[in-house]
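Chain B: place on chain A using the hints.
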Amino acid sequence: MRPAPAWREELAREAPGTEAVVEMGRKGQPTLRVEGVYLHSRYDPEREAAQLIDSAQLDPKRPVLVVGLGLGYHVAALVQRGFTVAVLEPCRGIARAALADAAVVADGFDCWVGGLDALDGNEAFQALAKRMPQWLVHPPTARLHPQYVGEAAELLARCALRGTHLSVAVVGPMYGGSLPITDYLARAFEKLGHRVLHAGNGLAWPLYDAATKSLQSAQAQGQLGGLLTHFLNEWSYARVAEFAPDICVVMAQAPVNPSFAARLRERGIITAFWFVENWRHMPYWRDVAREYDFFFHIQPGAFETTLDEIGCANHAFVQTGCDPSIHRPVELTEDERDEFGCDLSFAGAGYPNRNAFFRGLTDYDFKIWGVNWTARELAGKVQRREQRFTPDDFMKMVAAAKINLNLHSSTQADGVDPKCDAVNPRVFEIAAAGGFQLCDPCIGLETHFDLEDEVPAYTDLASLRARIDYYLAHPGERVAVAKRAQERALAEHTYEHRAQQMLDFIIARQGHRLLRKGVRVQRTIGETAAMLGKESALGAYLAQLPPALLFTHDVMKEVINLDIDATSYPARVFNYLTEVRSFAEILLKEDR
Amino acid sequence: MRILVVQTTRMGDVVQTTPLLRAIRMRFPDAQIDVLVRRMGKSIAARNPDVNGIIVYDEDEIFLDMRSGDSDRLLNAYRVADERISQLRETKYDRAYNVTHSVASAMLLKLAEIPEVIGAHLSDDWQFLLRGPWTTYFFMSVLHREFNDLNLCDITRHFEPESDARELVFDVRDEDREAITTLLRDHAINEGTPIAVMQLGASEDNKRWPEASFAELAKRMHAQYGFQIVLVGINEEAPLGANFEQNAPGLAVHLYGKSSIPELAALLERASILVTNDTGTMHVAAAAGCPITLVSVGHVHFRETGPYGEGHCAIEWRRAIMGSGHHVPTGLEERGLIRPEHVAAAVAHTLAYRKTGTLPDLELTPELAQLDLLFTRFAPDGCLEYYPLLRRPLSHRDFVRTVYRCMWLAWMDPNYTAEAEAKALALLLRCYRGPSAAEVAQWAAEMRTALEELAALAQRGHADAGALLAHVSGGGSMAEAKDKVGALMRLDDDMRIHSELHPACRPLIVTARHERDALEGGDVAVLTETTQRIYEACCARARLLQEKTLAFEKVWIGVSEE
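In order, the protein sequences belong to chains A and B.
Reading the first sequence from the start, the letters are residues 0 to 591 in numbering that gives the first Met the number 0.
Reading the second sequence from the start, the letters are residues 0 to 561 in numbering that gives the first Met the number 0.
Bound conformation, chain A alone (with noise of 0.2 angstroms):
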């Protein structure tokens, strides 16, 4: 980016283009054609510039990003309604019409000609991205160059929101296997460095639970689960308005009815679903997957295939993972050992093909965890018998156990479902806990896991047979193993590198909507005593405090509270600045 002037210069100094025309209108204001495209009125062309700005709602307080120049009408206006200004241009032509030969705008802003590879280094842009601009498009400039005008788009938001932290709600279910991935997601949001609302549900599952099995009927079952449900909807909808947060992720499950993102739409948030389910089972992503900013799903192939025809426009393919603080290896006691000690080990639900398929392992000092276990002969297999186990437990079933059995679930195949594509998290989860995991091949579980050397894999009953017959008798091997698979677990595949997938994903596409509505700069009380230094009233003030919380008002409200200083005259002008707050929310209320 270079001032105007110096552009002015450089431009002047080439031969004019032939692809601009300069026109004079009926006004006798110059305008400029392009292939056929008139870049301004040919009636009013400072009227149509003010109306753009007028309608664009700008904050004058922030910088704005124009991309095009056209004869710069538009830009001449902002500049002389205060605004910083910066403008690319893609076309030298146009560019050199506006600042050298037509000179109808005005110096005072900042501008690019050309292409935008070399932008993404600029210093300049890269400080103007950091000031989060607001984005105003120059409408012909966009008819005449639309992938230029999205690859800015992306280019800005992607300097912009570069290590910025941003507000994140995450939505859980009641219950089921999306419940824990949702703790794992708003953790890994948190280690970030983002500000996180995890607007859990899992409260209300033993309400559920009573309310529905106190009924034989289903229709009044069905009811009262409905009302359930629509009041955690709103709940949910109330929490996470409240929380105000840039984008909310709502996981499957959770109880939320469809417009529920239309509505934080209207706030001006981000939403995104995660549907952490095999669709092939699940339908109900019909239901969701377009009424969502972004759609996520753990099934590449066919699916997203599916999902393009249905008109879903943002939907990108993130696998689950493993959370190093959850998924780790872990000390047993001596009773623990006697538990969950064995040779083969299974933990998960007894879907049909694990039932079938583990009654050929019955030979095996084989234990078996979690519930609808129902062949009869497993029985002698089943631990713990039709209870659920807690993360803590799995962690502790991986380190008792040889060897960790994992089965994709399906409904269709009484083994290995060779059509499997949703790869589980507990190949992640194990493999994070150092445990060794012989898995069937789901498909695409070779691009996370090399399948001899990592999770060594399976086809079949007499196949899982030899590679247990093998690895039980090579120790060391299997140590090995495992080793690997944790290294590639914890460097590939934690949930903060699905957070982050995510978060770049949603900035590519629309992170010019977070722009437009502005991020919340997130800084902590000790970095902006740094900032300000102790040399000001107010840096030696928030020196005194604790460092590691953030610096927002709901938080300082509560630091004051601590009373570290209280009748110093910065902590007086935060108790006024609370009061300020407070009556205006007296005279909002009222005014509702």
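Simulated from the structure, these hints should not be mistaken for lab results.
Ideal placement from N, C-alpha and C gives every residue a C-beta, glycine not left out.
Be aware that one or more of the hints could be misleading.
What follows is a set of in silico ranges between Cβ atoms, one per label pair, in the way DEER data are often shown [what the hints assert, rightly or not]:
{"no.": "1", "chain 1": "A", "residue 1": "Thr446", "chain 2": "B", "residue 2": "Arg78", "range": "45 to 55 angstroms"}
{"no.": "2", "chain 1": "A", "residue 1": "Asp553", "chain 2": "B", "residue 2": "Glu451", "range": "45 to 55 angstroms"}
{"no.": "3", "chain 1": "A", "residue 1": "Asp553", "chain 2": "B", "residue 2": "Asp93", "range": "48 to 58 angstroms"}
{"no.": "4", "chain 1": "B", "residue 1": "Glu190", "chain 2": "A", "residue 2": "Lys129", "range": "52 to 62 angstroms"}
{"no.": "5", "chain 1": "A", "residue 1": "Asp53", "chain 2": "B", "residue 2": "Asp185", "range": "35 to 45 angstroms"}
Simulated coverage check for chain B against chain A, where a stretch passes if three residues somewhere in it have a Cβ under 8 angstroms from a Cβ of chain A [to be verified]:
{"no.": "6", "region": "68–74"}
{"no.": "7", "region": "80–90"}
Chain B only, in chain A's frame:
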């Protein structure tokens, strides 16, 4: 002398502060008088010749910054506040008048180190306090609005106690008149055309009479008086005008967002009448001398915030507490109950008074049976009064509210006289028909009994506080002092329960409690002495209120005999 007047509420409140500004100017003709207002109040303050300087302090922006959860914006809020405080400190104001119901405004004045503050302020140990009867009443009246009979202007102008300034001030200039003449001409309205202005908006939905009803009323007014109807408001209110248009196509000129506040004042100065909901426009009209018909629906307390000045009319669906929206649970339903023909009757009276200076009789027909129509005049006691246009029986609440008015004015206004009171009561009570003198006597007797019990409790408090003071002054033990304080706290609870049993005593008890809460300083003896005086004052107010029931009774008998 440098004086700062803080009014950081809404636009209408800034207009309602102009009598106080005039009073200050009259007392300090050479003073530099600055006002601190929100952005919306700037153009009102700019047209006040009593004001020398305007400080715009938009707390809205600070509020949004704080609510944003954004670190930079919090820093910005801090900086804006810091700059404002510094500016106020550097100006070295000698005195400030705080006309805002907020602790924040009190804090700001404390931070600004202004030595003398009238209105809400903070003590040196940062405790909220009010000094003086009118400032206390200003704060306390909002807690028992059903018993308040005084307009906000009458309350705040008395922050200057000797004030007799009763004029709303807005300097409409020739340039405003010319601008509005041009604007009207652009809409084919010539200078001789009679104009009726309507403001369809309001700060909340339940305060808005329906646009369709306004449209029906407009048709009637156009047909009956030949008025050109003009709709005013801000741009965002234009959809209300569109609703109006659907019901009365082509009848009105829409001026949404087309006039500045001074031009709006010029328009209202020229208009024959404004029909409005409770809005800032209403106060501007009152200042510009435009007769007003206020359609009071929803959470409106027109006795407190209605138009200040003579010759305005308020119409309201009959409620348990007239002039108060405090207990109106069905605000939205109520909006439809007042019909255009009802408001047309109010309009007729407003116009008739403007034309002849007298009010035609209004019969209590079945059509009007469920309505209250009230008309403003300054009462002989010096303050604004809403006189009923429909003669119907006085209610118990009317009785209580009126005797409170007498008591408070006698208590707070050094110029108040029994003669003026008798005249004011007679003028008001002539607007009622019934009930019998015996029934009123019974109300008065019951109230006196309740007040007697309250006075006894307050006397006990006075005596107990005296004993505590003696104990503390004589160097008595801390344990015994604590017992005595405990006894006083139990007494306060007894008084509170008394107020629950006898709501008519509540304002006195709430006021006393507030005075107790706002004690200054840390000297136990001084605090105890002040506490003793508070009980004494509570007792004296109860006795004074008893006297006012007798005065009321006396006038009522006289008026009934007429």
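inquiry  = Holds or violated: the 45 to 55 angstroms window for the beta-carbon distance between aspartate 553 of chain A and glutamate 451 of chain B?
reply    = With Cβ atoms ~51 angstroms apart, the hint holds.
key: Residues of the region 80–90 of chain B with Cβ under 8 angstroms from chain A, three needed, outcome   = holds (count 3)
message = Three residues or more, CB to CB closer than 8 angstroms: is that satisfied between the region 68–74 of chain B and chain A?
response = holds (count 7)
task = Determine whether the Cβ-Cβ distance between glutamate 190 of chain B and lysine 129 of chain A falls within the hinted range of 52 to 62 angstroms.
result = holds, 58 angstroms
task = Could you see if the CB distance from aspartate 53 of chain A to aspartate 185 of chain B stays within 35 to 45 angstroms?
result = Roughly 22 angstroms apart at Cβ, these two residues miss the hinted range, so it is violated.
key: Range agreement (Cβ of aspartate 93 of chain B with Cβ of aspartate 553 of chain A, hint 48 to 58 angstroms)   = violated, 38 angstroms
ask   = Should the hint that threonine 446 of chain A and arginine 78 of chain B are 45 to 55 angstroms apart at their CB atoms be regarded as holding?
value = Given about 52 angstroms between the Cβ atoms, the range holds.
Violated hints, listed in ascending order, are 3, 5; each of the other numbered hints is respected by the structure.
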